[in-house]
Amino acid sequence: QKEVEQDPGPLSVPEGAIVSLNCTYSNSAFQYFMWYRQYSRKGPELLMYTYSSGNKEDGRFTAQVDKSSKYISLFIRDSQPSDSATYLCAISGRSQGNLIFGKGTKLSVKP
Amino acid sequence: NAGVTQTPKFRVLKTGQSMTLLCAQDMNHEYMYWYRQDPGMGLRLIHYSVGEGTTAKGEVPDGYNVSRLKKQNFLLGLESAAPSQTSVYFCASSPRTGGTGELFFGEGSRLTVL
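In order, the protein sequence lines correspond to chains A and B. Every letter in the first sequence is one number past the one before it in the working numbering, and letter 49, counting from 1, is 49. Every letter in the second sequence is one number past the one before it in the working numbering, and letter 91, counting from 1, is 91.
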């Protein structure tokens, strides 16, 4: 079992839809959870960061961590065509550990 | 604001040729990383550095060498390129490692090995 599993999609939704992106992980020691966004032919950039369990909201984006299920989610409300990108989850077990990335989910938001 | 700059952005090599990818960051970050990104494989860590003069192996280090002679630069070398090294290479830097340190990525270097 890989340490981080992420459905690669692609996922296509109409503008205004609520998008749910998910990752599962195998090691309960992971404590730091991040979502990166990568536009086509660009490098990834940090979108959201959460520590341990719970929710974190930033505008139209909500990151959710359920450590009991080893499940992390990113919700996008009122999705826009500019949200079309690949979204990568990333996790780390400790403050001094390297990040482990999911394979990324490609999202397309149609006008 | 330059951030992380990678050169070259594109390169085509023949099998057996050598080349060096250069990464430069102007944020005074201690940590630097080289990743490769392949379809269906996600981002995989090749080598990383926790400071000037130090390097360490990541998940897929075979066939690559690195050097960090200056804090702002991290070089990735391919001594004898193979078609399996066709990929998009990303350099990243961070003020800290792990979950508390955001990674800042360059725009990538697309390498094709024929």
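The set of hints was computed from the structure by calculation and includes no laboratory data. Only a predicted model underlies this, so the values are computations on that prediction, with no experimental measurement involved. Please note that the accuracy of each hint is not assured.
Just some of the chain A residues that point at chain B, by a computed CB distance under 10 Å [said to hold, decoys possible]:
| hint | residue |
| --- | --- |
| 1 | PRO8 |
| 2 | LEU11 |
| 3 | VAL13 |
| 4 | PHE61 |
| 5 | ASN98 |
Pair ranges (Cβ atoms, derived) [stated by the list, open to error]:
| hint | chain 1 | residue 1 | chain 2 | residue 2 | range |
| --- | --- | --- | --- | --- | --- |
| 6 | B | ARG110 | A | GLU15 | 29 to 35 Å |
| 7 | B | THR5 | A | SER40 | 40 to 46 Å |
| 8 | B | ALA2 | A | TYR39 | 37 to 43 Å |
| 9 | B | THR54 | A | TYR39 | 39 to 45 Å |
| 10 | B | PRO95 | A | TYR39 | 39 to 45 Å |
| 11 | B | GLY16 | A | GLY59 | 46 to 52 Å |
| 12 | A | SER108 | B | LEU114 | 30 to 36 Å |
We put the CB at the ideal spot given by N, CA and C, even for glycine.
To see whether the hints hold, each was checked on the structure:
1. A least Cβ separation of about 7 Å between PRO8 of chain A and chain B falls short of the 10 Å threshold, and the interface hint therefore holds.
2. For LEU11 of chain A, the interface hint is violated, since its Cβ never comes within 10 Å of a Cβ in chain B; the closest pair sits about 16 Å apart.
3. A distance limit of 10 Å between C-beta atoms decides the matter here; for VAL13 of chain A the minimum to chain B is near 22 Å, and the interface restraint is violated.
4. The restraint placing PHE61 of chain A at the interface with chain B is violated, with a minimum CB-CB distance near 16 Å, outside the 10 Å limit.
5. Nearest Cβ of chain B to the Cβ of ASN98 of chain A: about 6 Å, under the 10 Å cut. The hint holds.
6. ARG110 of chain B and GLU15 of chain A have their C-beta atoms about 31 Å apart, which keeps the hinted 29 to 35 Å range intact.
7. Checked against the given bound of 40 to 46 Å, the beta carbons of THR5 of chain B and SER40 of chain A, roughly 20 Å apart, lie outside it.
8. As the Cβ distance of ALA2 of chain B to TYR39 of chain A is approximately 19 Å, the hint placing it in 37 to 43 Å is violated.
9. Taking 39 to 45 Å as the suggested C-beta distance range, the pair THR54 of chain B and TYR39 of chain A does not conform, at roughly 32 Å.
10. For the hinted restraint 39 to 45 Å between PRO95 of chain B and TYR39 of chain A, the CB-CB distance of approximately 24 Å leaves it violated.
11. Range check, GLY16 of chain B to GLY59 of chain A: Cβ separation about 50 Å, and the 46 to 52 Å hint holds.
12. Checked against the hint of 30 to 36 Å, the pair SER108 of chain A and LEU114 of chain B passes, with Cβ atoms roughly 32 Å apart.
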